[in-house]
Each structure stands twice: as structure tokens, then as C-alpha cells.
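Listed below, chain by chain, are the residues.
There are 2 protein chains.
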Amino acid sequence: MNAPIQFHFDFISPYGYFASLRIEDLAARHGRAVDWRAMLLGVSVLKVMGLKPLMDTPLKGAYTGRDVLRHAREHGLLMKRQPTDPVMNPLPCARAFAWVKQHQPEHAAALAHAIYGAYWGEGQDLSTPESLRKLALPDGLSAEAVADAAAGDEAAALLRAMVEASIKAGVFGSPTVVVDGEPFWGVDKLDQVERWLSRGGW
Amino acid sequence: MNAPIQFHFDFISPYGYFASLRIEDLAARHGRAVDWRAMLLGVSVLKVMGLKPLMDTPLKGAYTGRDVLRHAREHGLLMKRQPTDPVMNPLPCARAFAWVKQHQPEHAAALAHAIYGAYWGEGQDLSTPESLRKLALPDGLSAEAVADAAAGDEAAALLRAMVEASIKAGVFGSPTVVVDGEPFWGVDKLDQVERWLSRGGW
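For the record, the sequence lines run as chains A and B. One point on numbering: in UniProt numbering, the residue at position 13 of the first sequence is 13, and numbering is uninterrupted. One point on numbering: in UniProt numbering, the residue at position 139 of the second sequence is 139, and numbering is uninterrupted.
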């Protein structure tokens with residue numbers, strides 16, 4: 001069995017949401033599992049790279065809003081939240097994910113899907129640990145437990161370690177897929193990832 | 001006959017080079033001509049957007065170098081210049097292009113291909129008007145005339161107008177393809193451009 005492919009994502013990233021809907025089928029077609037990894041654009045983009053937020057960047061912000069909606073329309077994806085809406089604080093969701101990945105790793109992907117679907121698909125507010133109590137979750141996951149964890153120190157420490165590891169691996173954007181050490185940034189790269197997996201690189 | 005699709009590019013952009021090799025076939029498949037337009041990343045990225053040069057951006061610079069070489073290998077493209085090599089002053093080439101587009105529009109695409117091939121493919125230095133005298137050009141174009149034009153005020157004014165128009169249209173990256181007012185940024189977007197042309201948008 002080949003190593004899982006890494007899927008690095010930030011919940012505030014609509015492109016991460018789009019890719020999250022395809023990554024498992026893509027991996028499965030090549031006999032791979034997916035290792036889901038939360039990262040924080042606020043750390044990579046703002047602190048390490050010294051850039052401003054994407055949507056606040058002249059020209060690029062306007063283009064990105066248009067591109068996101070175009071992508072959603074092409075693929076028929078539910079997206080009640082607009083790319084121009086204010087960005088939530090991603091820490092409660094990302095901490096909850098890091099905690100579930102540690103304690104219920106078999107449910108980590110399901111939690112990521114639930115959060116992405118609620119935030120981007122349904123336009124729900126998930127910016128506080130409290131708001132996670134209303135999150136609809138599949139069997140095996142408790143919204144109460146997830147919300148409690150999101151407010152705790154352990155989840156914060158787990159997320160910090162995950163984010164530090166992603167920076168150390170050179171990951172800066174959402175989504176980034178890493179196949180056997182080879183990084184691919186952007187939902188537009190998924191077709192190339194598929195070719196890379198088919199050919200075993202080039 | 002539908003309107004030409006616009007192809008905005010900077011000669012210092014390897015992704016612009018890659019896309020330049022595909023854009024005419026792509027357009028032709030949909031009964032479109034290509035309107036070639038030089039832009040300057042030094043204006044859009046550095047001045048208007050307030051960002052640093054791509055290759056000087058932490059994490060993103062290293063990734064980009066790797067991604068460029070991976071793209072060239074996948075498509076079997078000649079590229080003697082490395083993405084990490086110092087960036088040339090693009091003004092002489094871009095001014096020469098603007099001048100030829102004005103005075104010999106039927107040869108504008110050929111000049112763009114010649115410059116891209118010499119700079120990225122062969123790794124030649126094209127950073128001064130003088131260096132353009134050695135450029136191999138197809139019939140109908142004179143390297144002497146092109147080099148003289150690149151050093152003149154008219155070419156500078158023509159390029160300035162072209163760059164101002166691209167900024168005004170919201171173009172910030174190379175390559176950007178604009179189809180009937182709809183912008184697509186990046187060589188990774190060419191497949192989506194093709195689908196947009198096939199379906200007439202969505």
C-alpha cells in the first residue's frame with residue numbers, strides 16, 4: 001500500500017472546500033488514502049510570507065471572488081456563503097479538527113466535510129466553539145464533545161503542532177496536496193495530481 | 001466571427017511562456033483569433049497590488065521554482081533558463097512587442113514566440129535593446145528595426161498605454177486570458193478556458 005496523500009486545507013478557503021469534495025475519490029482511484037491536515041492561511045500568508053489577505057489584495061481580490069463563484073457554478077456546488085463575506089476566525093473549527101484527528105482519526109475527514117459544508121455550503125457561522133454545538137455531524141461524532149474540545153488547550157496545542165509542521169514542509173496555500181513529498185498547490189492542480197499519480201511522477 | 005480572446009503576458013513569466021505555446025491552437029479550436037497583449041508584473045504586482053516579486057516570497061518562491069520545472073518536464077518543453085535565474089529587465093522586449101503590434105500587427109504573435117523561445121527556451125539575454133539585434137526572427141520582421149524601436153520613445157509610450165489598459169481591465173497576473181470580458185488567470189486555467197469556450201460560459 002502506498003503512503004496516504006496529504007491534503008492541507010484551511011476552513012476559510014473556498015478552494016479548499018472545492019478540493020475537499022474531490023480529493024478522496026481522486027486518491028481512491030490510485031489506491032491511496034487521504035491524510036487531512038488543517039493549516040492556517042493567517043500564519044503562512046500573513047506572518048511567514050508577509051502578504052496581505054487575498055481578498056484585500058487589489059485586483060486579485062476582485063478576480064478571486066469572481067473565480068470562486070465561477071468554479072462553484074461550473075461544478076454545481078452549493079455555496080450560500082459569498083467569497084466577499086467577512087472571513088470567520090478559523091481557530092475553533094481548525095482546533096476541533098486537530099482534536100478529532102488525534103482522538104477519533106477515523107472521523108477526521110467526516111468532520112472536515114461537515115464543517116466545510118456548513119460554512120461554505122450552508123453559510124453557517126462557525127466562528128466560536130459555542131457555534132459548533134449546532135453543527136450537524138455524522139454518527140460517531142458528538143457536536144457537544146467537538147465544541148468542548150475546540151475551547152480547550154489540548155486542541156490549541158495540537159493545531160499549533162499541525163500548522164508548524166505544514167510551514168516546515170513548505171505548505172503555504174489552501175488546498176495543497178502532497179504526494180510522496182511532491183507538493184501541488186491549488187484546486188486547479190488536481191488534474192495534474194491525478195496525472196502524477198497515474199504515471200508515478202515524471 | 002466571435003471577438004478575439006485576449007492573451008495578456010509578461011516575458012519574464014515562465015507560465016506566460018508555457019501558455020503562449022498553447023493559446024493559438026486553443027483559440028482556433030473555437031473559431032477565435034488571439035489578441036496578444038504585453039503587461040508588466042512589475043507594475044501590477046509590485047506597484048498596484050503592493051506585493052513582493054513571486055520568487056522573493058518565502059515558501060511560494062521555492063514552490064514556484066519547483067512547479068515551473070515540473071510543468072516543463074510534463075510537457076517536454078525546452079527551458080534552458082532556470083526559474084531561479086535573475087529576472088531580466090522586461091522593458092526592451094515588451095516595448096519591442098508593443099511597437100510591432102502597432103506597426104506590423106500581423107507579426108506580433110511571431111515576435112512574442114521568438115522572444116519567449118529565445119529567453120526561456122534558449123536562455124538568451126534579452127535585457128537591452130542592443131541584445132535584440134541578435135534575435136532570430138521569422139520573415140517579415142527585422143531584428144535591427146525591432147532593436148531600434150525598443151530603444152525609442154514611441155515604443156515606450158505604446159507599452160505604457162497597453163499596460164495601463166491591462167490594469168484598468170483588472171489584469172494582474174501572467175498569463176491572463178480574457179474571453180468576452182471574462183478573465184482567467186494562470187496556465188492551469190487553460191482547460192477551464194476551453195470548457196468556457198465550448199459551452200459559451202455558464
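One or more hints might be untrue.
Stated by the list, open to error - Example chain B residues on the side facing chain A (calculated, C-beta under 8 Å, incomplete):
#	residue
1	Pro53
2	Leu54
3	Met55
4	Thr57
5	Pro58
6	Lys168
7	Phe172
8	Trp185
9	Gly186
10	Asp188
11	Lys189
Worth flagging that the hints you see were computed from the coordinates, not collected in a lab. All residues carry an ideal CB built from backbone N, CA and C; glycine is no exception.
Verification of the supplied hints:
Nearest Cβ of chain A to the Cβ of Pro53/B: about 12 Å, over the 8 Å cut. The hint is violated. For Leu54/B, the interface hint is violated, since its Cβ never comes within 8 Å of a Cβ in chain A; the closest pair sits about 11 Å apart. Because the smallest distance between the Cβ of Met55/B and any Cβ of chain A comes to about 13 Å, over 8 Å, the interface hint for this residue is violated. Satisfaction of the interface hint for Thr57/B is found here, the shortest Cβ-Cβ separation to chain A being roughly 5 Å, below the 8 Å cut-off.
With a least beta-carbon distance of about 5 Å to chain A, the hint placing Pro58/B at the interface is held under the 8 Å criterion. Residue-level restraint check for Lys168/B is violated (minimum Cβ-Cβ distance to chain A is 10 Å; threshold 8 Å). For Phe172/B, the suggested interface contact is upheld, since its CB lies about 4 Å from the closest CB of chain A, less than 8 Å. A cut of 8 Å between beta carbons decides the hint on Trp185/B: the least distance to chain A is about 6 Å, and the hint holds.
Hint on Gly186/B holds. Least Cβ distance to chain A is approximately 7 Å, under the 8 Å limit. The beta carbon of Asp188/B comes within 4 Å of a beta carbon in chain A, closer than 8 Å, and the hint placing it at the interface holds. At about 6 Å, the closest approach between the beta carbon of Lys189/B and any beta carbon in chain A falls short of 8 Å, and the interface hint on this residue holds.
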